Amino acid sequence: MSPRQPHAEELAATVPAPAAGALGADGAAGLVPHDRVGDGASDPWGRRVRVALLGSPNTGKTTLFNRLTGLRHKTANFAGTTLEARSGWVALGGAPVRAAVERACGPGLARTIGAGLPESAGQGERCELIDLPGVYSLELERLESRLCRGVLAGETPWDEARSPGSGGPPEAVVVVLDSTNLARNLTLAGEALRRRLPMVVALNMHDLAVRSGLKIDACGLSERLGCPVVVTCARSGRGLDDLRAAVALVAGRGLVPTRSAPGGAGAGAAGALRQWAEGVYAEVAGGAGGGDDGASGSDRIDRVLTHPVAGGAVFVLVMGLMFMAVFRLAEYPMGWIEWVFAGVGGAVEAAAPEGLIRELLSGGVVGAIGATVVFLPQICMVVFLISLLEDTGYLARAALLMDRVLRPFGLPGHAFVPLLSAHACALPAITAARTIADRRQRVATILAAPFMTCSARIPVYVLLTGLLFPGRPVEGAAAFMGCYALGIVAGVVSALVARRTVLRGAALPMAVELPSYKVPSLGVALMTAMDRGVGFVRGAGTWILGICVVLWWLGAFPRVGPPEVALALRREAAQVRAAGVADGEVRGAGLEAQAGRLEASHARSGSYLGRMGRVFEPVFEPVGYDWRLTVGVLASFAAREVFVGTMAVIVTGEESDEVDEGLRARLSAARRDDGGELFTARASWSLLVFYVLAMQCLPTLVMTAREAGGVGWAVAQLVWMTSLAYAGALVAYHVSGWLGA
Amino acid sequence: MTMTNATTIQPPAPLGAAQARPHSGGDGGEVGGTRAGAAEVSLSALRVGESGVIRRAEVSGDDAALLGAMGLAERSRVRVCLSVGGGGACIVAVLGGSGCAAGACGSSRIGLARPLAERIFVTRQGEGVGPGWGS
Numbered sequence: 001m002s003p004r005q006p007h008a009e010e011l012a013a014t015v016p017a018p019a020a021g022a023l024g025a026d027g028a029a030g031l032v033p034h035d036r037v038g039d040g041a042s043d044p045w046g047r048r049v050r051v052a053l054l055g056s057p058n059t060g061k062t063t064l065f066n067r068l069t070g071l072r073h074k075t076a077n078f079a080g081t082t083l084e085a086r087s088g089w090v091a092l093g094g095a096p097v098r099a100a101v102e103r104a105c106g107p108g109l110a111r112t113i114g115a116g117l118p119e120s121a122g123q124g125e126r127c128e129l130i131d132l133p134g135v136y137s138l139e140l141e142r143l144e145s146r147l148c149r150g151v152l153a154g155e156t157p158w159d160e161a162r163s164p165g166s167g168g169p170p171e172a173v174v175v176v177l178d179s180t181n182l183a184r185n186l187t188l189a190g191e192a193l194r195r196r197l198p199m200v201v202a203l204n205m206h207d208l209a210v211r212s213g214l215k216i217d218a219c220g221l222s223e224r225l226g227c228p229v230v231v232t233c234a235r236s237g238r239g240l241d242d243l244r245a246a247v248a249l250v251a252g253r254g255l256v257p258t259r260s261a262p263g264g265a266g267a268g269a270a271g272a273l274r275q276w277a278e279g280v281y282a283e284v285a286g287g288a289g290g291g292d293d294g295a296s297g298s299d300r301i302d303r304v305l306t307h308p309v310a311g312g313a314v315f316v317l318v319m320g321l322m323f324m325a326v327f328r329l330a331e332y333p334m335g336w337i338e339w340v341f342a343g344v345g346g347a348v349e350a351a352a353p354e355g356l357i358r359e360l361l362s363g364g365v366v367g368a369i370g371a372t373v374v375f376l377p378q379i380c381m382v383v384f385l386i387s388l389l390e391d392t393g394y395l396a397r398a399a400l401l402m403d404r405v406l407r408p409f410g411l412p413g414h415a416f417v418p419l420l421s422a423h424a425c426a427l428p429a430i431t432a433a434r435t436i437a438d439r440r441q442r443v444a445t446i447l448a449a450p451f452m453t454c455s456a457r458i459p460v461y462v463l464l465t466g467l468l469f470p471g472r473p474v475e476g477a478a479a480f481m482g483c484y485a486l487g488i489v490a491g492v493v494s495a496l497v498a499r500r501t502v503l504r505g506a507a508l509p510m511a512v513e514l515p516s517y518k519v520p521s522l523g524v525a526l527m528t529a530m531d532r533g534v535g536f537v538r539g540a541g542t543w544i545l546g547i548c549v550v551l552w553w554l555g556a557f558p559r560v561g562p563p564e565v566a567l568a569l570r571r572e573a574a575q576v577r578a579a580g581v582a583d584g585e586v587r588g589a590g591l592e593a594q595a596g597r598l599e600a601s602h603a604r605s606g607s608y609l610g611r612m613g614r615v616f617e618p619v620f621e622p623v624g625y626d627w628r629l630t631v632g633v634l635a636s637f638a639a640r641e642v643f644v645g646t647m648a649v650i651v652t653g654e655e656s657d658e659v660d661e662g663l664r665a666r667l668s669a670a671r672r673d674d675g676g677e678l679f680t681a682r683a684s685w686s687l688l689v690f691y692v693l694a695m696q697c698l699p700t701l702v703m704t705a706r707e708a709g710g711v712g713w714a715v716a717q718l719v720w721m722t723s724l725a726y727a728g729a730l731v732a733y734h735v736s737g738w739l740g741a
Numbered sequence: 001m002t003m004t005n006a007t008t009i010q011p012p013a014p015l016g017a018a019q020a021r022p023h024s025g026g027d028g029g030e031v032g033g034t035r036a037g038a039a040e041v042s043l044s045a046l047r048v049g050e051s052g053v054i055r056r057a058e059v060s061g062d063d064a065a066l067l068g069a070m071g072l073a074e075r076s077r078v079r080v081c082l083s084v085g086g087g088g089a090c091i092v093a094v095l096g097g098s099g100c101a102a103g104a105c106g107s108s109r110i111g112l113a114r115p116l117a118e119r120i121f122v123t124r125q126g127e128g129v130g131p132g133w134g135s
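Sequence order for the protein chains is A and B. Reminder that position 144 of the first sequence reads as 144 in my numbering, one-by-one numbering, no gaps. Reminder that position 83 of the second sequence reads as 83 in my numbering, one-by-one numbering, no gaps.
Hints are not guaranteed to be accurate.
[Unchecked claim] Distance ranges between label pairs, derived from CB positions: (1) Leu321(A) to Gly85(B): 46 to 54 angstroms; (2) Ser60(B) to Tyr332(A): 44 to 52 angstroms; (3) Ser60(B) to Gly343(A): 55 to 63 angstroms.
[What the hints assert, rightly or not] Stretches of chain A that chain B covers, calculated by requiring three or more beta carbons in the stretch to come under 8 angstroms of a beta carbon on chain B: (4) 179-187; (5) 266-274; (6) 297-307; (7) 338-347; (8) 401-409; (9) 499-511.
These are calculated hints, taken from the structure and not from any lab test. Given the structure is predicted, the values throughout are model-derived calculations rather than measurements. Ideal Cβ placement from N, Cα and C applies to all residues, glycine included.
With the sequences and hints as input, model every part of the structure.
Below you can see the structure in the form of structure tokens.
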């Protein structure tokens, strides 16, 4: 267990805090200037001002952050962790300060702060707002709590790059409390009070509290806590101007609350803090919504959504709609992106001088950027829909329902979202695994996700099932579904194996706070989706781009001269044209097209990728592949969808990603060097099983390394899945042989 | 929570079985209407609508601290809102601790997997009043 951060009492020892209720020299409880800022009168705006945003999950903290920063924020990781650090700039000085202080402070506080108060504070200035991870308590030994403690103590920089000014505690902290669950949230406020930092409380989701009949005396609460309390509703934007003004005032003057809360270590201290919180709540809150109202509307909805049958049906419907949206709707922007980049590639080819530079730009760079950006619609769609579902409150209930199904495999209920998303694409699925708090369960989910049949595998399945069952769609569909089922089984079993071996360890059975049901915010979901999309392009996107360029190079070099057969065809084409016969142009064009296909096929065979196919042929011979199929498999390790195009070029000389009847017929008729069929039934079954189980997506490996916490996990994933795929292909090849295929 | 680190965990009771284990006080006798010496039962044994006061949990210290921070602390009052039979989850409303007069501290809803609900022990308060799924 890592050493506990120094408690606030040790820090507070340097700043004498009057007992609760004691008055300052002016006869009113007041805020104490933080001696870090000096005399409190100097202007701090010449240096970078950082404000930390602290709160429990489900308090609307992220919505508040998005509202305050808009699109002016960036996402990085806290140094040495995989936890996100979002920071953005906030323009300060919203509402006139005097009015804001009167609304945010009790009479005593307002009198104290009001002395010498300027009309405005921080106008035209801005601060850096850091969104800390949601925590139920600062005193837990979980990573999120340790990180928040470190940031508030000034020991953990929030910028991975350790940019200048990122050290030291923040100039102020904004504690976001859920008005509908104030008693429990006040314990976190008490822990924040003990940190002795300039502080403002944002009493968020106040509209929901009012709707439930709850009455909260915000001014009384500010007197009790000794700091400004601003009533906010992040979804509507209410109170944000007052919040900005309060932050400007508190950070600018370094005003630390004199009120504190019981502290110390251990269960006894936690109990004392809870009692304190309940006492404060009892003083400032009341009304019809103050107590439990028995069988509430939420209970009635929960009865349906968590019912084994009705809840399961709703779950299948919701997830099916989500899956269809990701799978179908994202196809349109993906198609537009492919069209745009095809056009850009063509424009580059037309404009650039012939030669290596033109090929590198159009085939390498433009192709690679297009291959990266094309993932964006699916990633953004998944994140958007997950954000919407989370905002409604449904996701927590669905996780509870799925927990029974996934628990035997060592996975939590929350894992269903990543596993479902992986059926569209593993990249957003791995990102979605961030919602899983336990590290072991999160990594196990990341390792399982790529087994799910993603959209990139589908062209391969279509090709192979079409070759196996020509003219028999029913058997083909059954084989298709079998591939989906095999992927799911392999994924959850792999998760189980991981949880029993390298990720061994008991995790707390699921306990999830169920947020209130509410209408989701489209704006927040959109902003979250855009944020993730930008993060993907900046992070994994750069790696993917580099890998794609390398792959292009392997397939394009070394240059080989055209085969003699192609040269002969071109000579014949020239003769036919020169002869001046009636259909000479058409025949000549046909001969030249045929020559072009032979040259393309010969070039791919002679490339480094083609040579690797011959080198590795003995490795794949036991599973039924010759050097051509081996080239297709090797090329697919970068991205499995290239298998169809690679086989098309090697066999027919033509680029084609579409599995049409013509391509299927040509591949079906293709021959090996020994004259036998290229796509025998046994080889086709072997390929099908291989593609279900193999890790053939370098972008996914990059994301695994990022999200699981190291290259080692990506390597382990590659080795495990490749081994499983080879073993499965071997079994399929031999079993299909025994069965007479 | 009384069980804050693994070395003080008492021998676990069979999972899912009601514990005829007298609560040995420590709260001055009356806590929200619970008599001293009342039998402890696992949270999963409560019926929908029944309330209880949390006494202990058979979890590690870190996990107990997390549950406490979520509101499931020793002496917190909880009411079972929903219990899915056949090993399903249960949903409880957290009504606050002994400092809350008449439980008027607002409430939050916590969903618990059945294995966890079986490891949290409470003393009953009041009778069950509502239907549930197989509970």
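Query raised in the report: Honestly, which of those hints from before does the structure not fit?
Result: 1, 7
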